[in-house]
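Enquirer: Counting from 1, one number per residue, gives the positions in the sequence shown under full-length UniProt numbering.
Derived from the structure by calculation, the hints contain no laboratory data.
It cannot be assumed that every hint is accurate.
Claimed, not checked - List of simulated lysine to aspartate or glutamate pairs, EDC-like, C-alpha gap at most 16 Å:
no., residue 1, residue 2
1, K35, E56
2, K24, D50
3, K17, E60
4, K17, E5
5, K24, D78
6, K91, E64
7, K35, D6
8, K17, E52
9, K91, E5
10, K91, D6
What the hints assert, rightly or not - Simulated restraints on C-beta separations:
no., residue 1, residue 2, range
11, Y70, Y90, 16 to 24 Å
12, E56, D16, 24 to 32 Å
13, Y81, R51, 31 to 39 Å
14, R83, N11, 30 to 38 Å
15, G84, D50, 36 to 44 Å
16, W48, D75, 17 to 25 Å
17, K24, E52, 15 to 23 Å
18, K24, C65, 14 to 22 Å
19, T15, N49, 20 to 28 Å
20, L89, M2, 15 to 23 Å
21, L10, E33, 33 to 41 Å
What you are looking at is a predicted structure, and each value in this text was computed from that prediction instead of being measured.
Glycine included, C-beta positions come from ideal geometry on N, C-alpha and C.
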Amino acid sequence: MMRLEDKLFLNRYQTDKHPHLRIKDREVCRHCEGKPCTFICPARVYVWNDREERIETAYEGCVECGTCRYGCAHDNIDWRYPRGGFGILYKYG
Numbered sequence: 001m002m003r004l005e006d007k008l009f010l011n012r013y014q015t016d017k018h019p020h021l022r023i024k025d026r027e028v029c030r031h032c033e034g035k036p037c038t039f040i041c042p043a044r045v046y047v048w049n050d051r052e053e054r055i056e057t058a059y060e061g062c063v064e065c066g067t068c069r070y071g072c073a074h075d076n077i078d079w080r081y082p083r084g085g086f087g088i089l090y091k092y093g
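Using the sequences provided together with the hints, build the complete structure.
Expert: Quick look at the structure:
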């Protein structure tokens, strides 16, 4: 059985220099309990940096599922589809 990481590796990405998602207010993340965005995203786009006490994003690996829009209880993620021609390119399916 293939692991999620193996399946994500099969995808290709056309990265845009303009992020299609952003954190509206990083201070909100600092006080968020549980930080659900760090574990609901299948592509692990959101990572909490303990040392700097801030959320980090890697929009380049986003699979465009939109889960983060619903998983953030504070509505602190501004998510849109990438501009035309950019984003994920599914290799199989």
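Enquirer: A separate judgement is required for each hint: does it hold in the structure or not?
Expert: Against the structure, the hints:
1. K35 - E56: 12 Å, holds
2. K24 - D50: 19 Å, violated
3. K17 - E60: Within the cut-off at roughly 9 Å; holds.
4. K17 - E5: 24 Å, violated
5. K24 - D78: This hinted pair holds, its Cα atoms lying about 6 Å apart.
6. K91 - E64: Roughly 15 Å separates the two Cα atoms, so the pair holds.
7. K35 - D6: Violated, because 25 Å separates the two Cα atoms, which is more than 16 Å.
8. K17 - E52: 24 Å, violated
9. K91 - E5: 15 Å, holds
10. K91 - D6: 13 Å, holds
11. Y70 - Y90: 16 to 24 Å: 22 Å, holds
12. E56 - D16: 24 to 32 Å: For D16 against E56, whose Cβ atoms are near 18 Å apart, the range 24 to 32 Å is violated.
13. Y81 - R51: 31 to 39 Å: Taking Cβ atoms as reference, Y81 and R51 lie about 32 Å apart, which means the hint holds.
14. R83 - N11: 30 to 38 Å: Violated, at about 18 Å.
15. G84 - D50: 36 to 44 Å: 37 Å, holds
16. W48 - D75: 17 to 25 Å: 18 Å, holds
17. K24 - E52: 15 to 23 Å: 18 Å, holds
18. K24 - C65: 14 to 22 Å: At 19 Å between Cβs, range holds.
19. T15 - N49: 20 to 28 Å: Distance hint for T15, N49 holds at roughly 22 Å.
20. L89 - M2: 15 to 23 Å: At 19 Å between Cβs, range holds.
21. L10 - E33: 33 to 41 Å: 35 Å, holds
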